[in-house]
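Protein sequences, first through last, are from chains W and Z.
Numbering follows UniProt numbering, in which position 358 of the first sequence is assigned residue number 358; successive positions increment by one, without gaps.
Numbering follows UniProt numbering, in which position 169 of the second sequence is assigned residue number 169; successive positions increment by one, without gaps.
It cannot be assumed that every hint is accurate.
Claimed, not checked - With a Cα cut of at most 20 Å, we get these calculated SDA-like pairs of lysine to any residue:
1. W:Lys-432 / Z:Glu-166
2. Z:Lys-296 / W:Gly-165
3. Z:Lys-329 / W:Trp-162
4. Z:Lys-81 / W:Gly-165
5. Z:Lys-81 / W:Trp-162
6. W:Lys-397 / Z:Gly-76
The set of hints was computed from the structure by calculation and includes no laboratory data.
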Amino acid sequence: MTPSLRWPRKMRFLQSGDVSALFSIHCPSACIHYISSSRLESDRNAMKLSLSKVVNSARLGVINNLGRSGDKVLDFPGCLLYTKTGSPPHLTNDTLQTIEGVPPVAHITLSSLAEHQEVLEEFKDGIAKFAGIPDAVLYCSINDPVTKDPSGYNTNKSVSVWGGGGRLELTSQKFVSAQRALRPDWFQCLSDGEVMPTGCSKKRAKKSVDRSLVFLDECLQLLGDNERLAQSVLIGAIEGGDVLEERLRSARETAKRPVGGFLLDGFQGVAMSNETKLSLISSITAELPEDKIRVIHGMGRPDEVLECIERGVDLFDSAFPYEVTERGCALSFNHCYDPDPETAGGIHRTDSLSARGSHVLRKGETSEEESNGDTATHPDDPEIDWTGMTPFEICLKEKRFREDFRPLLQNCTCYCCRNHTRAYVHHLLASKELLAGILLMIHNFQLYFSFFRSARGALRDGKLGVLREIIRSQTV
Amino acid sequence: MAAPKAHALVHRVLAECPVTKARVCELMLPHGPISTPVFMPVGTQGTMKGVTADQLRELGCEICLGNTYHLGMRPGPEIMKKASGLHGFMNWKRNLLTDSGGFQMVSLVELSQVTEEGVHFKSPYDDKEILLTPEKSIEIQNALGSDIMMQLDDVVSSTISGPRVEEAMHRSVRWLDRCLLANKNPEKQCLFAIIQGGLDPDLRKKCLEEMTKRDVPGFAIGGLSGGEEKDHFWKMVTLSTDHLPRDKPRYLMGVGYATDLVVCVALGCDMFDCVFPTRTARFGSALVPWGSLQLKNKQFAKDFQPIDKECDCPTCKRYSRAYINALFKSDTAAMHHITIHNIAYQLNLMRSVRDSILRGQFPQFIQDFMKTMYGSKERYPRWAVDALESVSIALI
């Protein structure tokens, strides 16, 4: 068997132009000699992905039959539910249930869970049941997209992760045994994925690809003997820093292996410029087969998300709304691409946005409608750390919200906006009350999830460009 | 004395224990009925830490506390008025009780000084000199719109004695009169008196005699739970309930340990509040009928049982001790899970107490409760044995 039996050739027409097609791709066992058991190998990449439309590179589709019971469905473009140790930050099951549009796939991170491996081995039934979410579909990445871990510790034999217990060196063997204890539905393969600075040596980039392919082959070998992980889908990581030829090699070589999907790794952080990132992403996805999911981490801003969707990325993490929550902010951007508000079902900003032609207020800036006669807080407010703030959010710590009895966002249907005011959330933040994190997390998750619903709708209606313009105009 | 006015509270005794002084009452308040004996969770700054208003309601909570000192400082009475009071501000549709603010001033603010006029202190927020008078306390509580307000009292440590205690008792009586006059909203907001007098039975009696002459809708027993010996504590409680009218609610301030609740119900108290169950939850301590579990301890890392398999709270139905132990390392939700469980534990305990009184089986309930909590009689706290003996319960 040769690699030429794989998908891209058959599907290539999809990438050229505005073709929209309605079909379903089934994924037979790929041509692999690494694995002894053909049953395991077919299961490993058994993700039933159906594309309903492809516009340029942007893909609209669905993954059916997810989870152990096989009754879950994931629409893409979409996002994962970000969690800490299997628990959406700040939320209990009750508060999570108030959120509309929660993604069916929860995102767990090996770095934080590795220290609990012994416990999970004794528990036997995997992290989903352990975390009290037995029906959830779980995707396990190596690192937490939010934490910035030190680099320089990976070797040819092991990858270092940083958890509560400090640094942990994972060899392929250790990695697979950790996954056996976790039993996720999908997991990112062990890879040398630390973020590299721009202009890092080609040698380093090449090494990241070589090592990651070795880890992938070793893991596939080890997984072949593993009954427990027979149902789990392996996501291959594409590495190579900012070196195009290494990225392409990584994509091509990874695609030859029986993986169920791909992670475009190493795009977190600000080491690379956005232009470099986006151009690399386009080049990588062009090399990937259509029938497998493409995941990315650390590209969570609404504008970044749309750029990535247009370049063929399917799945994102939802660390962005968590980070917004942690800085005391509420997402407040408009993602309604349908000009008719009656049919849009979207959310409109309470602020003076519409009046000002969809311009977001800059930090410290204000308008008459917004200020209610109050002077807006000066951006130098010592209480507020403005670093990392994006134009898609408002900071509830600002004093101008002290007496603002409007919801965080007009017409938002989240639990927080239906029940509470900006003034209350401002008070909770000023008093460092735990409820602030809960209410903001509910609001930010719900708005973020509905943004992805809009992105799918826009893609379906051929209005992705309109949505991109709406989002872009809010960053001006 | 003025003729009795209609209060914003209707009190009805539903059942009395034939052996102890325990009773079950119904209080009709502006934001719905509450059944006593009741434990009132404390939501200091306009929120039950880590729990939404909906979750608190789902747990069956009918009344909770807000603190006048904190809320008066931040966000302040002006914003509270604009938000339609504390109910509107925190969107809590059931009853609220607010304290007077005096206790926090004495306990939290180092440089406070009490004169006949009020309590002088420096604001910890901006160092401004502030004077909290009885009138000011009621003004803030009127702005908060709580269903039950507390008079400003002159709080002295329960571990001191001498003339200062007597002065504080007399002053508290005078301040009660000033508070009653200052209440601008008596039809919607009840004002409770607070019995003072330290650990001196004569001073307590004097205070009871004076305060029960006033037309107030309810009484609190104050100045206790401040580190005094339990022997003194329970004697002051039982002396107070002996002299309080049967037809008005009795609120024992700052009491929330399970054993204290059960014993003080037997001594005739109806209402209780304490930060302990929610505060201890945030440190990882889960309350169970046999004591508490320190869930952050390593021993629970592989304990896959729920906190209490008999408990039907949302936490126990879904999460194990081991999971909460693991979650404590990464997310605040671990605290929320225990907070929810601990509130459920307190509310369930009081529900069981009420049920047993209604069925005439409270004495048996006490026996079972003590046995489960302490295992054997040798471990029963002496003061609890004595206190219960004083109301004809001989623990076996």
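Results for each hint:
1. W:Lys-432 / Z:Glu-166: Violated, at roughly 39 Å.
2. Z:Lys-296 / W:Gly-165: 15 Å, holds
3. Z:Lys-329 / W:Trp-162: Distance of about 13 Å is within 20 Å: holds.
4. Z:Lys-81 / W:Gly-165: 49 Å, violated
5. Z:Lys-81 / W:Trp-162: Roughly 49 Å separates the two Cα atoms, so the pair is violated.
6. W:Lys-397 / Z:Gly-76: 17 Å, holds
When held up to the earlier numbered hints, the structure conflicts with 1, 4 and 5 and fits the remainder.
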